[in-house]
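A.B. asks: Sequence:
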Amino acid sequence: EEFASPCVFESDYRSTEFFRDILTQFLHKPPLYREECGARLKFILTLALRSTIKKQHDRPRVVEEILDFVRTNYNMPLTNSLIAEHFVYHPNYVNRVFKASMGQSLHQYIIHYRLKVAKTLLTGTDYSIDEIALQAGFGNKLQFYEKFKERFGCTPKEYKTQLVQKDNRL
Numbered sequence: 107e108e109f110a111s112p113c114v115f116e117s118d119y120r121s122t123e124f125f126r127d128i129l130t131q132f133l134h135k136p137p138l139y140r141e142e143c144g145a146r147l148k149f150i151l152t153l154a155l156r157s158t159i160k161k162q163h164d165r166p167r168v169v170e171e172i173l174d175f176v177r178t179n180y181n182m183p184l185t186n187s188l189i190a191e192h193f194v195y196h197p198n199y200v201n202r203v204f205k206a207s208m209g210q211s212l213h214q215y216i217i218h219y220r221l222k223v224a225k226t227l228l229t230g231t232d233y234s235i236d237e238i239a240l241q242a243g244f245g246n247k248l249q250f251y252e253k254f255k256e257r258f259g260c261t262p263k264e265y266k267t268q269l270v271q272k273d274n275r276l
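The letter at position 88 of the sequence shown is residue 194 when you use our numbering, and the numbering goes up by one with no holes.
Because the hints were derived from the structure by calculation, they are not lab data. Be aware that a few hints might be false.
[Unchecked claim] Keeping only pairs whose Cα atoms sit at most 20 angstroms apart, straight-line, the calculated EDC-like set for lysine to aspartate or glutamate is:
{"no.": "1", "residue 1": "K225", "residue 2": "E264"}
{"no.": "2", "residue 1": "K266", "residue 2": "E252"}
{"no.": "3", "residue 1": "K225", "residue 2": "E191"}
{"no.": "4", "residue 1": "K263", "residue 2": "D232"}
{"no.": "5", "residue 1": "K222", "residue 2": "E256"}
{"no.": "6", "residue 1": "K247", "residue 2": "D236"}
{"no.": "7", "residue 1": "K222", "residue 2": "D236"}
{"no.": "8", "residue 1": "K255", "residue 2": "D236"}
{"no.": "9", "residue 1": "K222", "residue 2": "E191"}
{"no.": "10", "residue 1": "K253", "residue 2": "D236"}
Predicted model, so just to flag it, every value in this text is computed and none were measured.
Hey, can you work out the whole structure from these sequences and the hints?
C.D. replies: Below is the structure:
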């Protein structure tokens, strides 16, 4: 469900060998090298997706509950302590279990989810950037600008301007 964030999977011998083969193919360019490389990349992506899907099904129940809680309450002030208190767990436990299962801290996940919401609002609404920052759960407008630029390489205003220019070209 959440493929917007980076997907990290443990490489096995097959993917490592396939990457070496792809590199060799591109350096020597034998007949049909593009097709062969494409097939090998599809196989590697399949391994990555299987790994990701398996991890999603192996998540502890508390992590699933936290994900649902964050997705429902992203626009509220959320902290590790508040979420841990809501589920009657110690904040260190929540952060440790979440990070082990998701590969990122709870705080990072909240920010990434809010940025995802903000990007959707920038794309699909006429709200001002300040309104979007508040609706996405960023209490501090400056933090929203910094995190957005860090994640997407441009400010929210630049992103919205690019969208308008793209729509005008169509």
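A.B. asks: Enumerate the violated hints, using their earlier numbering and listing them in ascending order.
C.D. replies: 3 and 9
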